[in-house]
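**Q** Sequence:
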Amino acid sequence: MAATIRTIEASKTEDKIAPSEGTASRFNGLMPWITICAVALGLLTTGVTSWVIYDEEEKVILKEFEAEVGERIDVLERELKLNIQSLNQLKILFDHGGDVSSADFTLVARHILVRHVGIQALEWIPSVPKDKRAEFETLRQMEFPNFKFTERLKQGVMTAAKERKVHYPVYYVEPLSANETAFGFDLASSAERLKTLTESRDRNVTLASGGITLVQENASQKAFLVFLPLYDGALVTVEDRRAKHRGFVLGVFRVEDIFRASVLQRPLEFVNFVISDETDGKGDILLNMGADPKGETFAEDKIFRRTLNEIGGRR
Numbered sequence: 010m011a012a013t014i015r016t017i018e019a020s021k022t023e024d025k026i027a028p029s030e031g032t033a034s035r036f037n038g039l040m041p042w043i044t045i046c047a048v049a050l051g052l053l054t055t056g057v058t059s060w061v062i063y064d065e066e067e068k069v070i071l072k073e074f075e076a077e078v079g080e081r082i083d084v085l086e087r088e089l090k091l092n093i094q095s096l097n098q099l100k101i102l103f104d105h106g107g108d109v110s111s112a113d114f115t116l117v118a119r120h121i122l123v124r125h126v127g128i129q130a131l132e133w134i135p136s137v138p139k140d141k142r143a144e145f146e147t148l149r150q151m152e153f154p155n156f157k158f159t160e161r162l163k164q165g166v167m168t169a170a171k172e173r174k175v176h177y178p179v180y181y182v183e184p185l186s187a188n189e190t191a192f193g194f195d196l197a198s199s200a201e202r203l204k205t206l207t208e209s210r211d212r213n214v215t216l217a218s219g220g221i222t223l224v225q226e227n228a229s230q231k232a233f234l235v236f237l238p239l240y241d242g243a244l245v246t247v248e249d250r251r252a253k254h255r256g257f258v259l260g261v262f263r264v265e266d267i268f269r270a271s272v273l274q275r276p277l278e279f280v281n282f283v284i285s286d287e288t289d290g291k292g293d294i295l296l297n298m299g300a301d302p303k304g305e306t307f308a309e310d311k312i313f314r315r316t317l318n319e320i321g322g323r324r
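Under my numbering, the final residue of the sequence shown carries the number 324; numbering is consecutive throughout.
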């Protein structure tokens, strides 16, 4: 913006009155400053106007960003909920009473896995007292001669499980391929898993583990387990639950697989997604993917955070 400065003329009858030489000189001397001030004022006004427009545009962009991210989080939550609820179909199978064959388990599990690609595996984890271990191992060896209860020495290396008061082996697993290492794994050999198992059994509630690295995992992807306890007979007290506990239907969920199975897989340029478990106050990272910051740090005022609904006792 620029200001146009004109000389002033006044008339009296028909004679023109000219400014005195001194007045004209002073006026002419002020001309550059008047012009500079006018231009400076124009630039200032333009700058303020531009800043206001930019600020409003940024607010609109941030609002759209939060709406987009919020929508994707909603979809992720629904996907998680549907995946976990699918365990109830296996629970119904066991609730009919009697022994459930591996063929029946496989049939129902495959049906679930076709519809929920974010599930790594579905498992049956029976509660096996130590005096029943040999019986359970022998029965499974009729189909898989090398089957035995195992525990982990180190990642990917398994050995025969030590004797325990109660064993919680992976007795059925679907799919077996890609999960062979977990087949027979005694969850009671892991203090962290056993803690969640015990709480789930005693409270008769579906619980999820924290983020873990699976015994069958070859990559660095984090997963979590969901335990759904099963019982025989009526339950009133904790003692009833312990005495009548049959075992668990277990779902193995890999966070990145669920993320990719949802519409969240549609990329958002320059957006990084992080999912963390805040249950224990540690903020364990379960997923960190999206835009590569390339050494850059994200601006704090451009970070959008939202707490997911509780999942299996985790938040």
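It should be emphasised that the hints constitute simulated quantities derived from the structure, not laboratory data.
Please note that the accuracy of each hint is not assured.
[What the hints assert, rightly or not] With a straight-line Cα cutoff of 25 Å, these simulated SDA-like cross-link-like pairs (lysine to any residue) come out: (1) Lys174 - Asn155; (2) Lys204 - Leu162; (3) Lys157 - Val175.
[Said to hold, decoys possible] Pair ranges (Cβ atoms, derived): (4) Lys204 - Thr246: 17 to 23 Å; (5) Lys68 - Leu203: 47 to 53 Å; (6) Ser186 - Leu148: 20 to 26 Å; (7) Val123 - Thr288: 16 to 22 Å.
We put the beta carbon where it would ideally sit given N, CA and C, even for glycine.
**Q** Can you confirm whether the C-alpha distance between Lys174 and Asn155 stays at or below 25 Å?
**A** holds (23 Å)
**Q** Is 17 to 23 Å right for how far apart the beta carbons of Lys204 and Thr246 are?
**A** At roughly 21 Å between Cβ atoms, Thr246 and Lys204 fall inside 17 to 23 Å, so the hint holds.
**Q** When you check the alpha-carbon spacing of Lys204 and Leu162, does it fall within 25 Å?
**A** The hint holds at about 20 Å.
**Q** Could you tell me whether the CB distance from Val123 to Thr288 stays inside 16 to 22 Å?
**A** violated (31 Å)
**Q** Below or equal to 25 Å on CA atoms is what counts here, so check Lys157 against Val175.
**A** Holds - the C-alpha atoms of Val175 and Lys157 are around 15 Å apart, at most 25 Å.
**Q** CB of Ser186 to CB of Leu148, is that within 20 to 26 Å?
**A** With Cβ atoms ~22 Å apart, the hint holds.
**Q** Is 47 to 53 Å respected by the C-beta to C-beta distance linking Lys68 and Leu203?
**A** Given about 51 Å between the Cβ atoms, the range holds.
Hint check: a violation occurs at hint 7 only; the rest are consistent with the structure.
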